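Novice: Listed below, chain by chain, are the residues.
2 protein chains.
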Amino acid sequence: MSQRIPIVDADIHERAQYEDLLAYLDEPFRSYIKDCNWIQEKHMPYVQPTVAGLDRADAVLPDGSPAGSNLHFMQEQLLDDIGHEIGILTGALDPSPSSMHGWYEMAAALATAYNDWQIENWLEKDERIYGSVHVAAQDRDAAIKEIERVGNHPKMLQVMLPMDDIMWGDPYYHPVFEAAEKHDLIIGMHHNEPPVYYGKWPRYFIEWHSMISTTHMKQVTNMIFNGVFEKYPNLGVMMIEGGFTFVPHLMWKLDQQYRDLRNEVPWVKEKPSNIMKKHFRFTTQPAEELTKKEFMSIIEQMGTDEMLCFSTDYPHFDYDSPTRSLPNLDSDLKEKLFYKNARAFYPKLSNR
Amino acid sequence: MSQRIPIVDADIHERAQYEDLLAYLDEPFRSYIKDCNWIQEKHMPYVQPTVAGLDRADAVLPDGSPAGSNLHFMQEQLLDDIGHEIGILTGALDPSPSSMHGWYEMAAALATAYNDWQIENWLEKDERIYGSVHVAAQDRDAAIKEIERVGNHPKMLQVMLPMDDIMWGDPYYHPVFEAAEKHDLIIGMHHNEPPVYYGKWPRYFIEWHSMISTTHMKQVTNMIFNGVFEKYPNLGVMMIEGGFTFVPHLMWKLDQQYRDLRNEVPWVKEKPSNIMKKHFRFTTQPAEELTKKEFMSIIEQMGTDEMLCFSTDYPHFDYDSPTRSLPNLDSDLKEKLFYKNARAFYPKLSNR
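Residue numbers (the numbering used here), protein chains in the order written: chain C, 29 to 380; chain X, 29 to 380.
In case anyone wonders, no lab produced these hints; they're calculated from the structure. None of the values given here were measured: they were computed from a predicted structure. Some hints here could point you the wrong way.
Only pairs whose alpha carbons sit at most 30 Å apart, straight line, appear in this in silico DSBU-like list of lysine-lysine [stated by the list, open to error]: (1) X:Lys228 x C:Lys305; (2) C:Lys299 x X:Lys320; (3) X:Lys321 x C:Lys306; (4) C:Lys228 x X:Lys173; (5) C:Lys259 x C:Lys299; (6) C:Lys321 x X:Lys70; (7) X:Lys183 x C:Lys228; (8) C:Lys362 x X:Lys321; (9) C:Lys297 x X:Lys320; (10) C:Lys305 x X:Lys320; (11) X:Lys228 x C:Lys259; (12) C:Lys320 x X:Lys297; (13) X:Lys305 x X:Lys368; (14) X:Lys228 x C:Lys299; (15) C:Lys299 x C:Lys376; (16) X:Lys183 x X:Lys305; (17) X:Lys306 x C:Lys321.
Here are the computed distance ranges between Cβ atoms for each label pair [what the hints assert, rightly or not]: (18) C:Asn291 x X:Glu47: 31 to 37 Å; (19) C:Lys210 x X:Ile33: 56 to 62 Å; (20) C:Asp360 x X:Tyr226: 38 to 44 Å; (21) C:Pro294 x X:Asp86: 21 to 27 Å; (22) C:Pro294 x X:Pro90: 48 to 54 Å; (23) X:Glu206 x C:Lys259: 49 to 55 Å; (24) X:Glu47 x C:Glu133: 55 to 61 Å; (25) X:Ile33 x C:Asn291: 33 to 39 Å.
Where a beta carbon is used, it is the ideal one built from N, C-alpha and C, also for glycine.
Between the sequences and the hints, there should be enough to build the whole structure, so can you do that?
Specialist: And the structure:
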């Protein structure tokens, strides 16, 4: 075990069941769930890839509870087994509160309950586990209040924003970024239902799942050209679970377009690829099967080895093992991917 | 001039004005345009990048007629100047007939008139000029009739399908592919209004324009997983004006997903990257500014130098010059990019 390098895992999906949240929910929202069996809107039309839905079947608990819902099971199956130094929880309340299309007060109450549940049952129970502030950002001001409320928790590393039908670069949402920056939090972005196409689902899960990277590309582009990083020069964004092999294309493309069309967005003061290098990190999962040569060609095309951060995506079906999902890279690069890049990027980890 | 290599230009936008089409339009559609000043729906909310809109200002005719609307001007500015061997017209009737959201009969009548105008005024006036069959594919059966009507013209190389709110892999549209294949035509795909996001435009043209590649990625993915190429093993698709640096990512991603999830789409019999290599070509424009090393790394990642075909996109503002848009590549590769790949891919050019 002593030869293992530390692992900072930027994407672990712990899961709350509704009954877990009841004790943390205010009335009347508690009763709507407890007595009326209300559940959040869900849309995905597909049969999902495993008998556990999107999860690894072996991560489901012996009593049938969903994968990711139990600390001890996760400790045993993931943290102890792999030897994580740090695991960053990114949540799984279906869907994210920020994705609810109505009743924003319920969404905000759920986010609050979720954060309290997360702090009490995870962040304060295992020193390796860090967390994410969940918000209902469609109600921007409620989201800011929630960030003010729990954002100073020493183990809260980021504010989660889902990729759904909102493009987060819209100036209406900038105060959310301001609040995050103020509390030494970054933004964690993770797709939820997109990529749907014109609001319609593609016919197959494999299509939908293949195109997740396109949604990541759109949000990065949107945030850059809407001037988020000129307004919040210390803000970081972790793009979670979209992979990374699209990054060279995106850097070249945005630089090209910036050269041609920057007059339209005079508030963008730098080449987009430089903004990306400073302000964005991309988690490695789901890592495509690359040879070392292919992997290194991506690093070379990006012009930096500091943009990628390892993640497992536990307990999802396409979990990436730290020993098997990437080619056998040189030690310096491995250290950056597996812990140095993430430690440097999350303000609250950067003093470690 | 003799040292120039032949150039096959896979994307030239000739433009019809409505008055050009009147002579080719049947009643009552002719009168709706002539007497009622009907025009097609247009949505793009942005000021566009040049004083000529999306066009090169120097391609506008001296009398103010739009860029691309006059054969002699195009001959002089493009074909003679560059020394094109072949220029393939892809059209510009705003928007494509296949993008009209209602009154499909008018859309089909416009497509028919456009094709007749194109044949008489372009294809039969210059031996270098080849063309595209325009259809209103939202009325599938009307589209098939139009392909039957003009698809055998020796200079018609492809059927144009716009990328809009239809995902063309949907089995409803497969008979269009069948008709194309039967007439030795390929499909030419070109974005129209996407990438809009959930049906909404991003705030800025630069965002919209940067993300065109994501729409190309979605259509390729959709066609592959909907089994188009198992049904039509000789069908080719030219992805036009989306660039190419996203292609390695897409190949890796689709192969990865196919390994994980192919049980969902058992009709897909081959690795998606192999399907792409056989059935798809990508035009080079708008080529990002790549060094030779970067360009070659993309070729290496794709595993083939036969997937890219040069295009200028004349007369659009981001026109690519054959001498200045690509790095100084070795002769073999240049020959493939500039003419061999395209000649081999269009059935009607492959005997040349």
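Novice: Look at each hint and say if it fits the structure.
Specialist: How the hints compare with the structure:
Distance check on the hinted pair: Lys228 (chain X) and Lys305 (chain C) sit about 28 Å apart at the alpha-carbon level, within 30 Å; holds. A C-alpha spacing of about 21 Å is found between Lys299 (chain C) and Lys320 (chain X), which places the hinted pair at or below 30 Å, so the restraint holds. A hinted pair counts as satisfied when its Cα atoms are at most 30 Å apart, and Lys321 (chain X) with Lys306 (chain C) qualifies at roughly 24 Å. Of the pairs offered as hints, the one joining Lys228 (chain C) and Lys173 (chain X) holds, with about 29 Å between alpha carbons and a cut-off of 30 Å not exceeded.
Proposed proximity of Lys259 (chain C) and Lys299 (chain C) is supported: the alpha carbons are some 16 Å apart, at most 30 Å. For the given pair, Lys321 (chain C) sits about 47 Å from Lys70 (chain X) by alpha-carbon distance, which is inconsistent with the 30 Å threshold. Between Lys183 (chain X) and Lys228 (chain C) the CA atoms are separated by roughly 37 Å; this puts the pair beyond 30 Å, and the hint is violated. Using a Cα cut-off of 30 Å, the hinted pair Lys362 (chain C) and Lys321 (chain X) holds, with the two alpha carbons roughly 25 Å apart.
For a cut-off of 30 Å, the pair hint linking Lys297 (chain C) to Lys320 (chain X) stands: about 28 Å separates their Cα positions. With a C-alpha separation of about 23 Å, the suggested pair Lys305 (chain C) and Lys320 (chain X) falls inside the 30 Å cut-off, and the hint holds. Of the supplied pair hints, the one linking Lys228 (chain X) and Lys259 (chain C) holds, its CA atoms being roughly 25 Å apart against a limit of 30 Å. Restraint check: the Cα-Cα separation between Lys320 (chain C) and Lys297 (chain X) comes to about 28 Å, which is no more than 30 Å; the hinted pair holds.
With a CA separation close to 15 Å, the supplied pair Lys305 (chain X) and Lys368 (chain X) stays within the 30 Å bound. Distance hint between Lys228 (chain X) and Lys299 (chain C) is fulfilled; the C-alpha atoms sit about 26 Å from each other, no more than 30 Å. Taking the CA atoms of Lys299 (chain C) and Lys376 (chain C), the gap is near 28 Å; set against the 30 Å cutoff, the hint holds. For the proposed pair Lys183 (chain X) and Lys305 (chain X), the alpha carbon gap of about 25 Å is at most 30 Å, so the pair holds.
The hinted pair formed by Lys306 (chain X) and Lys321 (chain C) meets the criterion: a straight-line CA distance of about 24 Å does not exceed 30 Å. Asn291 (chain C) and Glu47 (chain X) have their C-beta atoms about 33 Å apart, which keeps the hinted 31 to 37 Å range intact. A C-beta distance of roughly 59 Å is found between Lys210 (chain C) and Ile33 (chain X), which places it inside the suggested range of 56 to 62 Å. Checked against the hint of 38 to 44 Å, the pair Asp360 (chain C) and Tyr226 (chain X) passes, with Cβ atoms roughly 42 Å apart.
In this structure the supplied range 21 to 27 Å holds for Pro294 (chain C) paired with Asp86 (chain X), their Cβ-Cβ distance being about 25 Å. Pro294 (chain C) and Pro90 (chain X) have their C-beta atoms about 33 Å apart, which leaves the hinted 48 to 54 Å range violated. In this structure the supplied range 49 to 55 Å holds for Glu206 (chain X) paired with Lys259 (chain C), their Cβ-Cβ distance being about 53 Å. Between Glu47 (chain X) and Glu133 (chain C) the CB atoms are about 57 Å apart, so this pair conforms to the stated range of 55 to 61 Å.
About 36 Å separates the C-beta atoms of Ile33 (chain X) and Asn291 (chain C), a value consistent with the hinted range of 33 to 39 Å.
The earlier numbered hints that this structure contradicts are 6, 7 and 22.
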